[in-house]
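**Q** The residues making up each chain are set out below.
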Amino acid sequence: MDAIFFDTDMYIHRLSPDKPVRESAEKAFHKNKPSAMSEFSIVEFKGNYIACLVLLRRKISDSDSLQSAYSRIQNSGGRKATLMLAQLFRWLGGIDFPVNPWPKAKNILLTYLDSQIEIVWQSFINSVDKIERQFECNRAREEPQDNNGKWSARIPRCKADNTKCTIGAFLLKFFDELGNLISGLDALPPEKKTTELEMVDKVAKEIIQRNRFRWQNSNCRKIGDLLIGLESKSGKALISSNYKEHSILSQYLGYTFNHFDVTAIRLK
Amino acid sequence: MSYTYSLIMDTLDPELDSIGKSNLFDEWKDSLQTIVEEVQNPSSNHRKVLGALLSVTRHKDFGDFSHENLKVLMDTTYLLRQLRLSTKESKRVINNLMAIGNDMVIPLAPDHVEMTDEIELDELMKHLLEISG
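From first to last, the protein sequence lines stand for chains A and B. Counting in the working numbering, the first sequence runs from -1 upward without gaps. Counting in the working numbering, the second sequence runs from 234 upward without gaps.
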């Protein structure tokens, strides 16, 4: 396959309020055809951006005032969720947004959030020509669920009764690459070994020792970069802004990494 | 909803001049906005479609849509008249709207927001919280 793979963060850059970053990401998607994405990106996107939209939707829906909605969003979603709320207000008119009376304002916010969850999800799934499904991830087949406004972006823990994927066999196909990676990571200066790389190292060692991967619970979510990197081997390259991990992983797993340099785009 | 539908339907009336059509189109947009603000507890499928219509027409005028695309807007408004709107149907019409409007996604990613932008967003929130009482 001659497709260019896009990492999860690349679609998130298309949602950046920073115009140069957003436009550069859009350009990358239009320029690099045919395009593909790892099935694991679907899990990451649902658990990240979509989950944040769902959190905003829930807290706004259950609040009697903007103050209450804001503090609940801040307490449960942290800085990320409050920034997302502020950006939504800015997009809807900024200081001119009619926050009073709250029931009206709430209706407007809920309308945009309900439609955005649907629109962004569809747009994300259709952002590439192909979704690569080499290990048939069950979680990647599960869309956000809407029960008349009670949205859920839950990613269930993988168990025997809800999982029939082939992740174990998929990872064992790359036994040699994982061996190379372990040697490479062992030789890496400690300052270059990120938390994610440490986790990948630990899991790779376990696979080599036991000749199997413990897929139960949410183990795959600890090694997202590894899974995306390995699926990208079937294409021409992987485009990502995640330099710290993919510059190392690509070297030992054998895929081409094209860096989407956000800092350089901003400095232009 | 019937009134809202009549507005977009009349926008397609070949006997009207462009000023008349443009005014009807704006009235239709205002009417959608009123429905969004005033109607209590619509179904989330109705909300999704309403939000998609507001997004696809945001900062757009009558002249920005071809006759075919106006028909898509009209058909979508017609569907909103139904008391029940299935998830499958709402997905289908939202996909139709996405095909005619390429900027329906709101850029809300909170990752990598620059410091100056963060300060601006905090100021905005502070202001909105103050005026909301």
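Since the hints were derived computationally from the structure, they do not count as laboratory data. These figures come from a predicted structure and were not determined experimentally. Heads up, a few of these hints could be off.
What the hints assert, rightly or not - Only part of the chain A face toward chain B is listed, based on derived beta-carbon distances under 7 Å:
{"no.": "1", "residue": "74"}
{"no.": "2", "residue": "78"}
{"no.": "3", "residue": "92"}
{"no.": "4", "residue": "173"}
A virtual CB, placed ideally from N, CA and C, is assigned to each residue, including glycine.
**Q** Given residue 78 of chain A as an interface hint, is its Cβ closer than 7 Å to any Cβ of chain B?
**A** holds (4 Å)
**Q** Can the hint on residue 92 of chain A be confirmed by a CB-to-CB distance to chain B that is less than 7 Å?
**A** Hint on residue 92 of chain A: holds, closest Cβ of chain B at ~6 Å, below 7 Å.
**Q** Does the interface hint hold: is residue 173 of chain A within less than 7 Å of chain B, judged Cβ to Cβ?
**A** violated (34 Å)
**Q** Is the shortest C-beta separation between residue 74 of chain A and chain B less than 7 Å?
**A** It is violated, given that the least Cβ distance between residue 74 of chain A and chain B is near 15 Å, above 7 Å.
Hints 1, 4, counting from the list given before, are not met by this structure.
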